[in-house]
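Undergrad: Spelled out, the chains give:
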Amino acid sequence: MSNWFDLSTWNLALVLAAMGAAVWWGVRGARGGFRPAIRRIAGVEAMEEAVGRATELGRPVFYVAGTQDLDDVQTVASMGILGAVGRMTARHGCNLVMPTDRSLVLAAAREVLRESYTAVGRPDSYAPDMVSYISDDQFGFAARVDGMIAREKPAACFLQGAFFAESLLLAEAGAHAGALQVAGTATNHQLPFLVAACDHVLIGEEFFAAEAYLSGDPEKLGSLRGQDVVKNVAVLLLLGVPLVVTLAGVAGWTWAGNLRDFVLRLLQT
Amino acid sequence: MKRLIPRVITSVVGIVLIVSAFVVRPGDDGGAAWPVQAFLYVDRNFSVWFGILAVFAFILGGASLLKNHVSKVLHRRRDWPYSVVTLVSFVGVLVIGLFKLGGPPGLQGEVTDPGAWLLVVFDGLYDPLGSALYALLAFFVASAAYRAFRLRSLESSILLVSAFVVLLGRTPLGTWLSDFLPRSLGFLRIDTFSVWIMSVPNVAGQRAILIGIAVGVVALTLRILAGRGDAEGGRS
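Chains A and B, in that order, give the protein sequences. Okay, so the first sequence: first residue is 12 according to my numbering, each after it adds one. Okay, so the second sequence: first residue is 387 according to my numbering, each after it adds one.
None of these hints come from the bench; they were simulated from the model. Don't take every hint at face value.
[Unchecked claim] Now the in silico label distances, taken between C-beta atoms and shown as ranges: (1) B:Leu-484 to A:Asp-82: 50 to 60 Å; (2) B:Ser-517 to A:Val-206: 37 to 47 Å; (3) B:Met-584 to A:Arg-50: 22 to 32 Å.
[Said to hold, decoys possible] Far from chain B, some chain A residues (derived; all Cβ distances over 10 Å): (4) Leu-23; (5) Ile-49; (6) Glu-56; (7) Gly-63; (8) Arg-102; (9) Arg-113; (10) Arg-162; (11) Ala-186; (12) Ile-214; (13) Lys-231; (14) Thr-265; (15) Ala-267; (16) Phe-273; (17) Gln-279.
[Claimed, not checked] Not everything, but these chain B residues come out facing chain A in the computed CB check (under 8 Å): (18) Trp-420; (19) Pro-421; (20) Trp-435; (21) Asn-454; (22) Val-459; (23) Leu-460; (24) Gly-572; (25) Ile-610; (26) Gly-613.
Every residue gets a Cβ at the ideal spot worked out from N, C-alpha and C, and that includes glycine.
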């Protein structure tokens with residue numbers, strides 16, 4: 012069995028196992044009754060406000076789950092957020108409109124919304140037509156969604172998922188329609204556009220944490236605690252290793268060079 | 387069972403794909419043990435299976451599109467003429483593509499051969515429309531930047547100053563304006579300062595975001611593998 016695995020990838024396996032262990036530790040703590048204090052995320056808290064605003068104004072809520080298919084982790088994360096937004100719109104009795112650009116996302120989103128509306132006791136308010144397929148084409152999709160936003164004047168727009176050049180086209184259409192916009196993405200090169208055009212943006216890890224935050228599920232919140240441990244270790248490595256290696260240069264410690272080499276090997280892909 | 391089966395499938399497939407990232411890649415002679423070959427087979431073919439699934443799902447998407455727009459036209463709902471345009475375009479391009487109109491005859495002919503109507507549709511309509519929409523970004527960037535760079539808070543002020551320095555630093559005017567500075571104060575030159583903003587604070591921020599994303603992806607994946615994700619119906 013020893014020749015089944017590529018032993019040169021031990022470092023990645025170790026990092027993955029350590030991350031998994033930290034998340035598992037957080038979940039286990041939550042199962043034991045520990046309730047971690049979670050930092051308030053303004054963008055996530057604004058979601059309920061946005062849906063409430065749409066309800067008061069009698070205007071729809073738009074939800075766009077990015078422009079990638081279900082094999083993209085951001086689209087999967089977006090389905091989790093959609094579930095929470097669906098529960099909000101179901102509770103408020105607000106109209107939700109979700110254009111999609113992939114057929115598989117259409118099918119998944121319908122299932123997620125059906126679950127959400129059923130979970131809050133409003134299965135009668137769910138309609139499959141809330142989710143519609145537009146086009147697989149990037150700009151064809153953007154043009155149609157921009158047109159829908161311009162005509163229907165939504166009070167809230169949620170742009171949650173992987174976006175590319177269409178991000179600003181969608182966000183600006185929402186801004187011109189006067190919608191309260193909450194965006195979220197891990198596509199870091201589109202973040203500046205969304206920050207410029209939207210009221211709130213879930214940046215990177217906040218986007219992945221949003222589903223856990225919105226669900227209020229202790230185990231999911233526990234996993235965020237584990238996530239934070241990993242981040243703290245990353246920060247310690249980033250600050251600590253250069254500091255130790257610099258001091259070693261001055262003091263002549265030979266072991267510091269080995270430490271640096273070990274950390275570099277650990278993070279090598 | 388309706389929830390359990392998708393959760394089990396998701397977990398098993400996820401774990402198999404993670405493990406397959408760590409198995410050895412044998413050479414062309416392919417002398418690996420059968421479990422290794424099984425992992426590699428799954429690793430190679432899952433994306434293909436996903437593609438096949440997506441193609442079948444397109445029928446669902448096409449049906450949804452037709453149903454929505456036909457219903458809109460039939461009931462003369464608001465903005466129904468746009469739906470007529472959509473339906474005509476959809477059916478028209480579908481017929482042109484399926485029957486390969488205009489190009490070399492027969493099913494063997496390519497839809498991209500000279501004379502094919504599909505090529506005309508793409509070159510004459512689709513591409514110019516796409517380019518026109520893309521070009522709108524120039525105006526949208528300006529209007530978004532105008533709103534974002536207004537002096538409302540300390541953060542937006544820093545954003546405004548940084549953007550101004552970077553914009554100026556990328557033009558000959560920026561170089562000319564700070565050309566008078568002596569060599570010892572070279573770090574204050576606008577072009578040098580703009581490079582520093584892009585390569586130090588900007589890169590530091592980007593890396594912090596990337597580390598957060600990587601950790602977030604791992605945590606989300608583990609939640610899904612453990613059947614605790616909303617996306618696959620895991621909400622309790």
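Undergrad: Now, for every hint given, state plainly whether the structure supports it.
TA: Right, here's what the structure says about each hint:
In this structure, Leu-484 of chain B and Asp-82 of chain A break the distance hint of 50 to 60 Å, their C-beta atoms being roughly 27 Å apart. Under the hint 37 to 47 Å, the C-beta atoms of Ser-517 of chain B and Val-206 of chain A, about 26 Å apart, miss the expected range. Restraint check, Met-584 of chain B to Arg-50 of chain A: a C-beta distance of roughly 29 Å satisfies the suggested window 22 to 32 Å. At roughly 7 Å from the closest C-beta of chain B, the C-beta of Leu-23 of chain A falls inside 10 Å, breaking its exclusion from the interface.
Its beta-carbon lying about 13 Å from the closest one in chain B, Ile-49 of chain A satisfies the requirement of being farther than 10 Å from that chain. The non-interface label for Glu-56 of chain A is consistent with chain B: the shortest C-beta to C-beta separation is roughly 18 Å, beyond 10 Å. The Cβ of Gly-63 of chain A lies farther than 10 Å from every Cβ of chain B, with a closest approach of about 21 Å, so its non-interface assignment holds. With 10 Å as the threshold on Cβ separation, the claim that Arg-102 of chain A sits away from chain B holds: the shortest Cβ distance comes to roughly 15 Å.
With a closest Cβ-Cβ approach of about 7 Å to chain B, Arg-113 of chain A is found to fall inside the 10 Å limit, against its non-interface label. Chain B draws Arg-162 of chain A into its interface by the beta-carbon criterion, the shortest separation being 6 Å against a cut-off of 10 Å. With a least beta-carbon separation of about 7 Å from chain B, Ala-186 of chain A fails to lie farther than 10 Å from that chain, contradicting its non-interface assignment. With a minimum CB-CB distance of about 6 Å to chain B, Ile-214 of chain A fails to clear the 10 Å threshold, and the non-interface call is violated.
Not every beta carbon of chain B lies more than 10 Å from that of Lys-231 of chain A, the smallest distance being close to 6 Å; the non-interface claim is violated. Every CB of chain B is more than 10 Å from the CB of Thr-265 of chain A (nearest about 29 Å), matching its label as outside the interface. In this structure Ala-267 of chain A is separated from chain B by more than 10 Å, as the shortest Cβ-Cβ distance comes to about 23 Å. No Cβ of chain B comes within 10 Å of the Cβ of Phe-273 of chain A; the nearest lies about 19 Å off, and the non-interface call holds.
No Cβ of chain B approaches the Cβ of Gln-279 of chain A within 10 Å, the least distance being about 15 Å, so the stated non-interface status holds. Interface restraint check for Trp-420 of chain B: the shortest CB-CB distance to chain A comes to about 10 Å, outside 8 Å, so the restraint is violated. Given the 8 Å rule on beta carbons, the hint for Pro-421 of chain B holds: about 6 Å separates it from the nearest Cβ of chain A. The interface hint given for Trp-435 of chain B is violated, since its Cβ lies 11 Å from the closest Cβ of chain A, which is over the 8 Å cut-off.
Against a cut-off of 8 Å between C-beta atoms, the interface hint on Asn-454 of chain B holds, since the closest Cβ of chain A lies about 5 Å away. Evaluation of the Val-459 of chain B hint against chain A yields a violated restraint, the C-beta minimum of about 15 Å exceeding 8 Å. A least Cβ separation of about 14 Å between Leu-460 of chain B and chain A goes past the 8 Å threshold, and the interface hint is therefore violated. Because the closest C-beta pair between Gly-572 of chain B and chain A is about 25 Å apart, greater than 8 Å, the hint is violated.
Hint on Ile-610 of chain B holds. Least Cβ distance to chain A is approximately 7 Å, under the 8 Å limit. Because the smallest distance between the Cβ of Gly-613 of chain B and any Cβ of chain A comes to about 11 Å, over 8 Å, the interface hint for this residue is violated.
Hint compliance for this structure: hints 1, 2, 4, 9, 10, 11, 12, 13, 18, 20, 22, 23, 24, 26 are broken, all remaining hints hold.
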